[in-house]
Amino acid sequence: MFDKLFYQDKGLFLQSFHPAAVLAYLFVLLLLSLLYDNPIYLLSLLLLLVLLIKGVDGMEAWEGFFKAGVFLMLVVMIVNPLVIRAGATIIWHGPVLPFLGRLDISMEAVYFGAVSGLRLLVIMSIFCLYNLMVNPDNMLNLFSGAAGKSVLLVALATRMFPTMVRDLKRIKEVLQFRGVDFDEGGLWERVKKYSGLYNVMLLSSLEDSMEIAESMQARAYGSGRRSVYSRNLLRPRDYLSIGGSLLALSAATWGLLNGCGRYSFYPVADVLISDSSTPAALVVVLFYLSVPLILSEGWKYCRFIKSKI
Amino acid sequence: MGTNWGLYITMAGIFSVALLMLGMEKKAGLNARQVSLIAMLAAFCAAGRAVTGVALLFLQPTMFLVEITGFVFGARAGFFVGAMTPLISNFFMGQGPWTPWQMICWGLVGMSGAAVRRLFPHAGYKTITVLCFIWGYLYGAVMDVWQWSVFTGPLCFKSYFLLWVAGFSFDSLRAAGNLLFCAALGSQSIKILRYFHKKMDVRYLENI
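So the sequences go chain by chain: H and G.
If you read the first sequence in the numbering used here, its first letter stands for residue 167, the second for the next number, and so on.
If you read the second sequence in the numbering used here, its first letter stands for residue 258, the second for the next number, and so on.
You may find that some hints are simply not true.
Here are the computed lysine to any residue pairs in the SDA-like style, where the Cα-Cα straight-line distance is at most 20 Å [stated by the list, open to error]:
1) H:LYS358 x G:ALA441
2) G:LYS415 x H:MET243
3) H:LYS359 x G:LEU316
4) H:LYS338 x H:GLU350
5) H:LYS359 x G:LYS415
6) G:LYS415 x H:ILE244
Now the in silico label distances, taken between C-beta atoms and shown as ranges [stated by the list, open to error]:
7) H:SER389 x G:PHE414: 49 to 59 Å
8) H:ALA386 x G:CYS413: 55 to 65 Å
9) G:PRO378 x H:ILE244: 20 to 30 Å
10) G:ILE391 x H:PRO433: 15 to 25 Å
11) G:SER426 x H:VAL366: 27 to 37 Å
12) G:LEU276 x H:LEU412: 22 to 32 Å
13) H:LEU209 x G:SER429: 31 to 41 Å
The hints are simulated quantities; they were obtained by calculation from the structure and are not laboratory data.
Heads up, the beta-carbon is just placed ideally off N, CA and C, and yes, glycines get one too.
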């Protein structure tokens, strides 16, 4: 059931980028999603992300994220107006509560809650895209030069995780065959039964770790400097995408310094499009950000582009 | 909104966790046994967090083990196991901008275990249990700071307080879970980890 959420190598063009290029691109997206306040900007980032997720054949996975995101959005929309007193357009006068004062709900606070929820949805989509676009091993490999042991730790632990879950099931079954009924008895009795299971798990997995250590030593771990080799090539598509990300970031910074993408909710919400520079800045940033998307379409339909990237 | 505190706090989380990991790695000089033991404990904690986190809501038999790891193996191992736990389990539960702050919080849980051993060398699992209970609330309070800075506005003490109140029942569940699991499993876990600590501690005798 969870398989859809993780990386699967489908041989798609969008999955063939260098991890550094993907990281730079997603980092810029994350930065912009946190910097922009204007709902139109956030909505267009979401649209771009949905198109990309469609490009990596991940709509099914995204649906789960979308549902969770909408739920959290509703929570933020409900909590936010209760907390915030800054809005000017009061739509409901509530009772006076101890600690909190008068419970007035303002239009702007509901609006701000909705936009916060939208931002959350954008952020979740970025991570959904990350899960589908990059092979986690390649991503870890990127950092192995700088922090080899941390990367080794993460890789080992991630690899152990499914084994651990499988062991848990196995040991539980063995105990059940021996007559331990985990669903029977009061809370304390159950805790005792589970603590037996826990002890066996902890002991056996730590014994396993000693074996792994021995086999690592047998393979010369720690006998000298670590050797590194990498098969990941930086291709023209990676340079183009990194360039696009950097240009998008600089265009967005320039825009933000000039007020494009900024938005104030209190005391009264701004108009969405204040002047012509607002959509213009958005179009420029979106164009640079859609470089991977354009390349992906070009790969499909244009032989010239395919031969060059 | 003026200053974008959500961005600053998220970025501060990312950079500080990266720096902490890098610094600890350079200082620790991990050998094969330490690497595999830390990885295994991290996987164990992550599995505990992910498997029971879904089934039992916030009752997770995990935080006390991170604490005990710090208590038995020292601050660096405690930090590594702590920081890896949310990282690994979020691969399965959902990675997000909340991960760096979770990593810092869990890492601190592990380090606080080591601090207990430094301050009270004769402390047993009861001290750890009390500390685990406190961490149940403290963890919620620190994570609320991140959530508060990113998703609410205007940022004032009142909005933080309300957010904290909204999460209070979850925090209490977490604290109660920590208390229950540490009271039930703490002393055995300390015994098991001490046994492996002895087993790992190899000293070579020179000139024999």
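Hint check for ILE244 of chain H and PRO378 of chain G - Cβ pair distance inside 20 to 30 Å:
Violated, since PRO378 of chain G and ILE244 of chain H (Cβ atoms, about 50 Å apart) do not stay within the stated range.
Distance restraint hint 49 to 59 Å, applied to the beta-carbon atoms of SER389 of chain H and PHE414 of chain G:
Because 56 Å falls inside the window, the suggested range holds.
Taken at face value, is the distance from the CA of LYS415 of chain G to the CA of LYS359 of chain H at most 20 Å?
violated (45 Å)
Regarding the pair LYS415 of chain G and ILE244 of chain H, is the alpha-carbon distance no greater than 20 Å?
Given that 20 Å is the threshold and the Cα spacing comes to 16 Å, the pair holds.
Mind checking the alpha carbons of LYS415 of chain G and MET243 of chain H for me, to see if they're no more than 20 Å apart?
holds (17 Å)
Given the hint that LYS338 of chain H pairs with GLU350 of chain H, does the C-alpha gap stay at or below 20 Å?
holds (14 Å)
Do the beta carbons of LEU209 of chain H and SER429 of chain G sit within 31 to 41 Å of each other?
Because 38 Å falls inside the window, the suggested range holds.
Given the hint that LYS358 of chain H pairs with ALA441 of chain G, does the C-alpha gap stay at or below 20 Å?
It holds: about 8 Å lies between the C-alpha atoms, which stays within 20 Å.
27 to 37 Å as the expected CB spacing between VAL366 of chain H and SER426 of chain G, which holds or is violated
holds (33 Å)
Taking the Cβ atom of LEU276 of chain G and the Cβ atom of LEU412 of chain H, is their distance within the range 22 to 32 Å?
holds (24 Å)
Quick check on a hinted range of 55 to 65 Å for ALA386 of chain H and CYS413 of chain G, using CB atoms only.
holds (58 Å)
Next pair to validate is LYS359 of chain H with LEU316 of chain G; report whether the Cα-Cα distance is within 20 Å.
Holds, at roughly 17 Å.
Comparing the model with each numbered hint stated earlier shows that hints 5, 9, 10 do not hold.
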